[in-house]
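Number of protein chains: 2
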Amino acid sequence: MKEIISKIAKTTIPSKIIQKSKKEIADKVYKLVEKEIQKYSEVVELEFGGSYAKDTWLSKNADIDIFIKFKKNISEEKLENISKKIGFESLKKYSPYVRYSQHPYVEAKIKDTKINIVPCYDVKIGEWKSAADRSPFHTKFMKKSLTRKMRNEVRILKTFLKSNKIYGAEIAKQGFSGYISEVLILQYGSFENLIKSIIKIKEKQIIGKTSKSFDTAIVVIDPIDGNRNLAAAISNENIGKFILSCRAFKNKPSLEFFKNQKSKISNKFWNNLLIVKFEFKIRSPDIIWGQIKRATSTLSTQLELGGFTVVRSKAHTDEQIDAYLIFFLESTIISEIYQKKGPEFFRNDGSHSFISKNLKDSELVWIGNDGKIISLEKRKHVNAEKFMKEFLKKNLNVGIPKGLHSDFKRGYKVFLGNKTLSKSIKEEISEVISVDGTLLHFN
Amino acid sequence: MKEIISKIAKTTIPSKIIQKSKKEIADKVYKLVEKEIQKYSEVVELEFGGSYAKDTWLSKNADIDIFIKFKKNISEEKLENISKKIGFESLKKYSPYVRYSQHPYVEAKIKDTKINIVPCYDVKIGEWKSAADRSPFHTKFMKKSLTRKMRNEVRILKTFLKSNKIYGAEIAKQGFSGYISEVLILQYGSFENLIKSIIKIKEKQIIGKTSKSFDTAIVVIDPIDGNRNLAAAISNENIGKFILSCRAFKNKPSLEFFKNQKSKISNKFWNNLLIVKFEFKIRSPDIIWGQIKRATSTLSTQLELGGFTVVRSKAHTDEQIDAYLIFFLESTIISEIYQKKGPEFFRNDGSHSFISKNLKDSELVWIGNDGKIISLEKRKHVNAEKFMKEFLKKNLNVGIPKGLHSDFKRGYKVFLGNKTLSKSIKEEISEVISVDGTLLHFN
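Top line first, the protein sequences correspond to chains X and U. Residues in the first sequence are numbered consecutively from 444, following this note's numbering. Residues in the second sequence are numbered consecutively from 444, following this note's numbering.
Don't read these hints as lab results, they were simulated from the structure. Heads up, none of these hints are tricks.
Any copy will do: because identical chains look the same in the list, a pair fits if it lies in one copy or spans two.
With a straight-line cut-off of 35 Å between C-alpha atoms, the simulated DSBU-like cross-links for lysine-lysine are:
hint	residue 1	residue 2
1	K821	K856
2	K478	K463
3	K821	K736
4	K474	K572
5	K720	K815
6	K639	K784
7	K639	K655
8	K757	K784
9	K783	K605
10	K639	K783
11	K445	K459
12	K647	K800
13	K862	K837
Predicted model, so just to flag it, every value in this text is computed and none were measured.
All chains, full assembly: derive it from the sequences and hints.
Here it is in structure tokens:
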């Protein structure tokens, strides 16, 4: 394991040339923004944030984050307006655009480097007004705490997480953030020690110090906020993939763990996919992802109530126009009948009304071996496509979060996965009928 | 209710003519048997038993039972041989034949009246050597305890049970015996009081006195043996039918409850029936019924393990040659795939081997939302007929009681219910796709 890690370690530090070029961009942007903030007395100061500030960035895709700290008595509206003005004005040469987090922020690209101009409040530790307010404290804490050696261990961990497709805090991904990577390395000292600890981790184990209790698979406490569980934003599946990858790496260390892991698609299951597609009016990625994930979950429940077995499900969106709710069904056609268990015959009123009602409404009624009265019901739908179309037509309010109602009312399509789909969408959808690369380590 | 019951009461006492004719037959047979027992010093005495002796018999189908009491030190073999000789010799004019209970006994028919010559031991109360030994005590006890009025109440109850098809203690039926009918009337005094009590009965309620505890839906203690639960021989379904019939009668008393209740068949479900038919070498009805009921139960379990949903099942035999195991399936064709839940990813060894194994053997492996590793398995059989044929070919020892192995090895057929079947067999099989007449009272 040591050997593999030291090989990787040599590849993760950005080269001098890349470092120089990144610094040039960063300094240039900083100056541009610095000039703009002079116009606003609401702004306290400016500082670099994220992996660039903490020197834990990877050569590929390293963003430069600049935080604009506002006085804490400024309204949220003003904070948003002023920071947008500053962002657009300072980056005007680079076609800036708005992105959405809790508050909107301005993004632009300079030579493949994304620049994020993010507003936050200048508060005391713990007195958070917006989610971004913690960031300057994270930066300060990590700059102080991480040794030079540790910074590269963070890079190794990030590479490991990226290769196994579990890096990224956005809701679309629900993976590991850059900050949690730093916290883990700080906690265990090195990537190797982290691996050795994670392979032995127990359910609900707490990494860090807290007086609160949390209900996630594992708990990782934010060192600057003992009430915050950084692992809460990570899906169970991704925590599982991380733990399994660590175990697989410990068992059979190889460079493979630091290369992109390809999934293995089972193409024969395209026919088992039920897909709901719709267009939506653009909104913040966090919001649309949250909405389509909830829609997928409630519609899965409805499919199960309708008698279908949902094997896996997934939501996907291009974050611009199209959204997809994807359901992998055991079978898209199910039996016409099913049993409904009623009360035991000892229960006087219950059994009487159950029998009377079902003599009228159901196909058969009888007394089961366990003493329960059972009725045989006929399903309204045996075909998943028809079931879903009918359900959305009649029960939009039950199955779909309120925020998507107007989008759905403008139209949606329900179809099986064997229909023609664009290559990129097919790739996303195929995830539910694939064995994830992480698990293929066990091959 | 009183009115209906008193109307019925007038019809249940056998007419003078029938009584006279029954007595003539009984006395004649008694004399014939009495003459024969003189030859055997092993025999102590002779007595009438059953409903004839207790004067609780119904005009239709009333048997005459004569018990031959043997000295208690006689071997079972001798008891069987001598009683058979006595039976055949005394009834030789009436084409006697052997029937099987715990011990074989001789039966014959005189003018539509069945005569049973049954051996038992002459023991003290409680010192039972064979199941029939209790009978003389039952007879004596009931003759002493039942008033003239009560005897007709027993007849009313028996008529009620027969009409609702839950009368008959044989294992094929698992219904209410004549004796339990007498015990119930003795307990509650009249049919009306019985109804009033049964409609309020609670689960596991004990009727009678005992120091033992029993695990049946209701418990009815034998007045001459506090350790014996007479309800143990009644199926849950039949106890349920009885309680429901009592409630329905109380709610809406009518003469209908004393006429044969016809079931309502749902003919559309013939295609959902999977039938296993085989021929067997003749044996005692109790034995073949027990065997085919057990076979039906274990094969139901196997079908469920194979992914099929067994809605109802039933065994049937003509007690001579043919036996049928009948399975009403939700669907005779099921989905090709199913999920298998593995260990949670926190379990180190378990998850490793589960993933490795299933990467080879199964269609897909992934981490479920609940943290369990799941594999997608392909079924070997999606067709119930093929599944059953294959199962019986390979796993006869698992699915079929030992006592039927040689019968099955001589051959069996597996087919769906839409095949041509004789009318009488169709009628029996149709029970699983019918609403029982008892429940139709609630219409």
